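Asker: Spelled out from the first residue to the last, the chains are:
Protein chains: 4
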Amino acid sequence: MTDTLKIADKTFRSRLFTGTGKFSSSKLMQEAIVASESELVTVALKRVDLHSTCDDILMHLKQDHINLLPNTSGVRTAKEAVFAAQLAREALQTNWIKLEIHPDPKYLLPDPIETLKATEILVKEGFIVMPYINADPVLCKRLEDVGAQCVMPLGAPIGSNKGLITKDFLKIIMEQSKVPVIVDAGIGAPSHAAYAMELGADAVLVNTAIAVSKNPVQMGIAFKMAVQAGRLAYQAKLAEVNQYAEASSPLTSFLNE
Amino acid sequence: MTDTLKIADKTFRSRLFTGTGKFSSSKLMQEAIVASESELVTVALKRVDLHSTCDDILMHLKQDHINLLPNTSGVRTAKEAVFAAQLAREALQTNWIKLEIHPDPKYLLPDPIETLKATEILVKEGFIVMPYINADPVLCKRLEDVGAQCVMPLGAPIGSNKGLITKDFLKIIMEQSKVPVIVDAGIGAPSHAAYAMELGADAVLVNTAIAVSKNPVQMGIAFKMAVQAGRLAYQAKLAEVNQYAEASSPLTSFLNE
Amino acid sequence: MTDTLKIADKTFRSRLFTGTGKFSSSKLMQEAIVASESELVTVALKRVDLHSTCDDILMHLKQDHINLLPNTSGVRTAKEAVFAAQLAREALQTNWIKLEIHPDPKYLLPDPIETLKATEILVKEGFIVMPYINADPVLCKRLEDVGAQCVMPLGAPIGSNKGLITKDFLKIIMEQSKVPVIVDAGIGAPSHAAYAMELGADAVLVNTAIAVSKNPVQMGIAFKMAVQAGRLAYQAKLAEVNQYAEASSPLTSFLNE
Amino acid sequence: MTDTLKIADKTFRSRLFTGTGKFSSSKLMQEAIVASESELVTVALKRVDLHSTCDDILMHLKQDHINLLPNTSGVRTAKEAVFAAQLAREALQTNWIKLEIHPDPKYLLPDPIETLKATEILVKEGFIVMPYINADPVLCKRLEDVGAQCVMPLGAPIGSNKGLITKDFLKIIMEQSKVPVIVDAGIGAPSHAAYAMELGADAVLVNTAIAVSKNPVQMGIAFKMAVQAGRLAYQAKLAEVNQYAEASSPLTSFLNE
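Protein chains in written order, with the working numbering: chain A, 15 to 271; chain B, 15 to 271; chain C, 15 to 271; chain D, 15 to 271.
Worth flagging that the hints you see were computed from the coordinates, not collected in a lab. Heads up, a few of these hints could be off.
The list treats identical chains as one, so a pair stands whether inside a single copy or across any two.
Said to hold, decoys possible - PhoX-like, lysine-lysine: derived pairs with alpha carbons at most 25 Å apart:
1) 36 - 138
2) 181 - 120
3) 185 - 120
4) 228 - 251
5) 251 - 36
6) 155 - 181
7) 131 - 93
8) 155 - 138
9) 181 - 228
10) 192 - 120
11) 41 - 251
12) 131 - 155
13) 120 - 93
14) 228 - 185
15) 93 - 155
All figures in this text were calculated on a predicted structure; none of them were measured in a lab.
Put together the whole structure using the sequences plus the hints.
Answerer: Have a look at this one:
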């Protein structure tokens, strides 16, 4: 199938992006990610050994042709984010960066002002910037305007597994955006991922829901299939939602004749 | 994989049941059903040529090893339903019957009283009865008590494509039922089908959403994958829904040290 | 205001019906009910002293011109319900009965079959029957056909405080019903009660949400106002829900001139 | 009652703020606003005759002791907003300003960056700034930090009448905010207004839903009551939402004895 997703200079066959946090072991993480067929995996800086490029697990993922996407999780300002991105570039030899700026320690919600500021700076420094943000359509346009390579609006607060509670705003973002829209945070079940794709998302990022499942490998497969199902449905066009019932079977009228 | 569904004497590998209504052509119907890998397909009596067992399309489906499930769509009373079931048994040489009794011509909602009455009679006459009903947990237990081989509660009014608006009641039904629970009506998107399976449904029945899509074959595949994804997720156990955020990435604290 | 509700031979100015269960004291119950201005209050048979007509609290409610509506809570069959209704008629000197038949001890969901059966019998015996049922439009029409004076579909499982999760079915019931529709069970907040009235309910029944509040008297007042607000809004007609935004303020264009 | 709301130097008995747009006549606007008992009413600059302080309608509202709150509806940048605020201050002799900056002509969604920038400037110039924004908890804290006197997060896109689709984020905002939280935009029915108040909002702003109703005066009363009902319920504390049913009536067990 030729339905691929292009971000900057990379082409992805899979529209399921994953993360490396919260798994009970590195081995299970690697198996689940491979099973999910994800080709882009976020890695927190803390996981990266900054004094060596030989982090074993990461090496394994790289050997599986999986792209590592360092994130700035934990930073609170644009300045910290820029510094973290530079460290990540050096450690992982990649100019891709997932920008996460959350001054709020409880809900970890992103800061729109600092995220725009950091995106502007990092784009100028040659980074491929993927900003994690609220489902704010105006902010998404502004990020696009300063050179973000995609936007990553949240579906619900991170780790809440509530699904796409921001769906009305996500629809507007998808309608307006000229860069890929990747739904991030809140996706707690394959049905949520399928729904995001049915709405027209270009990809989804799932971490917690796979990592904390009783069986992360099987859950990785479930998400892979759900994302594909949602994408196929989006292309094939879903039926309208109706207020009134419509019979699907022709009614048996001969009984009354 | 050994995860099969047993209803009466039949074993199904697929948990996606489909219908034959609303397709733009018989050829497209056949292709979509085959692509969906559905093994049980409802057929309205009207579609069956009662004077011959040689309805071409149905023959083709049978050759594809797809089981036909006649339905009583259009009947308004238990008496009419029993008569329709007997005709169907003769025409299609099957004692399986999907019971649909809807006196209401606008919303086509099922009648709980007549459905229970007809189920009792048909079970005594040797039918395998699959009743379509409201998501009414008490009615489901009563149908089980009189011998229904499964229950088929609705997710939303038929043809509405609204998804599982009855989810709170479906959960109770799944928790209590000793016979398979098949969610019928209202499923308008693969994400809805995945959700039904994640909740613990044994199968789903989808007709309109596949038939009226711009591309029924592709939509059939999408539903197949979504049902499998939901089932895998149900087995692997989903994470809890949380009120509060939880970071999925370890936070980068070195910046503050 | 002349907007009154008529059920059988009685006319109500208040569209808020209440209950007597779960209050921390009888005094608080009475104060809250009086504050709510409710004119119809359900009473469980157990609360009624069957050997005397002098239950003090009930006497007080009667002196406040509040109508007592005995309910059959706890019965599991039509036969038990008929017996309970007869006892209640004798004890409380009223032929009004709220019919609740729930064989299910955990969720207390109503039995559609037994409820229809009991309604038929009790109507013939001269009772004013107010049946508590699922939000099942076909069942509602059948109850109306056998002489129920109103229908009381549930909004959500009793005591769940989830609001009107059955709203799509309630709308159909309201559209079709020729007898008053009273939304019962599930109403956990004044906003839920207002919503039921906005949809077109003729009245709502609220018990738990008032009784278990920290301040039942104030909550009784809150529900009174919410019911009135919802009724006024229903009469004044609500604006349509729009997919797209519409400015409410004229846009300041002089800046661009 | 002593439950008043204080913003800057003003004290409000009513927690219902209203607007002046979309009414079919000025007379109806005035009557509806008076009936609603609202004490703060937004006015678009365009409505204000900038060459005279004698706009009749506005004079009437002032005589009814209703505070006028000019808004900057239609501006697209912080710069335009500051200019508009200065004009409004001169024309209406008030340093209160409702800040609305929406570069997006279709959905009229607010711009977080420009809104923060304008708030900072206007606070320094002595304005009482009431910013209209997305339901973005981090942005709300930043606005509070630069001196906004309240925050006005949206419930849904303006004019959509969809209610509080942002409720999960509104809850976080209410939990964190040290300035009043006023839910603005999206409130299409009294039940929505009651719900906002039950969640803990300090006030709501309603315009479209009153203005376009068939009977704006009656709708104004309905909103007034719903806001009061929601506030009373918030104070009296609502019952918890339960997964399982709980009987409200004591079950009649004597039948089984």
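Asker: Each hint: holds or not?
Answerer: Right, here's what the structure says about each hint:
Within a single copy, residue 36 and residue 138 get their C-alpha atoms no closer than 33 Å, and across copies no closer than 46 Å, so neither meets the 25 Å cut-off. Within a single copy, residue 181 and residue 120 get their C-alpha atoms as close as 23 Å, and across copies as close as 17 Å, so both meet the 25 Å cut-off. In this assembly of identical chains, the alpha carbons of residue 185 and residue 120 lie at most 25 Å apart only when taken from different copies (13 Å versus 27 Å within one copy). In the homo-oligomer, the alpha carbons of residue 228 and residue 251 lie at most 25 Å apart only across protomers (6 Å), although the nearest pairing inside one protomer, at 34 Å, exceeds that limit.
In the homo-oligomer, the alpha carbons of residue 251 and residue 36 lie at most 25 Å apart only across protomers (16 Å), although the nearest pairing inside one protomer, at 36 Å, exceeds that limit. Within a single copy, residue 155 and residue 181 get their C-alpha atoms as close as 17 Å, and across copies as close as 24 Å, so both meet the 25 Å cut-off. For a Cα distance limit of 25 Å, the shortest separation of residue 131 from residue 93 qualifies both inside one copy, at 9 Å, and across copies, at 19 Å. In the homo-oligomer, the alpha carbons of residue 155 and residue 138 lie at most 25 Å apart inside one protomer (18 Å), although the nearest pairing across protomers, at 29 Å, exceeds that limit.
In the homo-oligomer, the alpha carbons of residue 181 and residue 228 lie at most 25 Å apart only across protomers (23 Å), although the nearest pairing inside one protomer, at 28 Å, exceeds that limit. Taking the closest pair of Cα atoms, residue 192 and residue 120 come within 25 Å of each other only across two copies (17 Å); inside a single copy the shortest separation is 32 Å, beyond that limit. In this assembly of identical chains, the alpha carbons of residue 41 and residue 251 lie at most 25 Å apart only when taken from different copies (20 Å versus 39 Å within one copy). With identical chains, the CA atoms of residue 131 and residue 155 are at most 25 Å apart both within one copy (14 Å) and between copies (18 Å).
For a Cα distance limit of 25 Å, the shortest separation of residue 120 from residue 93 inside one copy, 21 Å, qualifies, whereas the shortest one across copies, 34 Å, does not. Taking the closest pair of Cα atoms, residue 228 and residue 185 come within 25 Å of each other only across two copies (21 Å); inside a single copy the shortest separation is 32 Å, beyond that limit. Within a single copy, residue 93 and residue 155 get their C-alpha atoms as close as 22 Å, and across copies as close as 19 Å, so both meet the 25 Å cut-off.
This entry does not satisfy hint 1, going by the numbered hints stated previously; all others are met.
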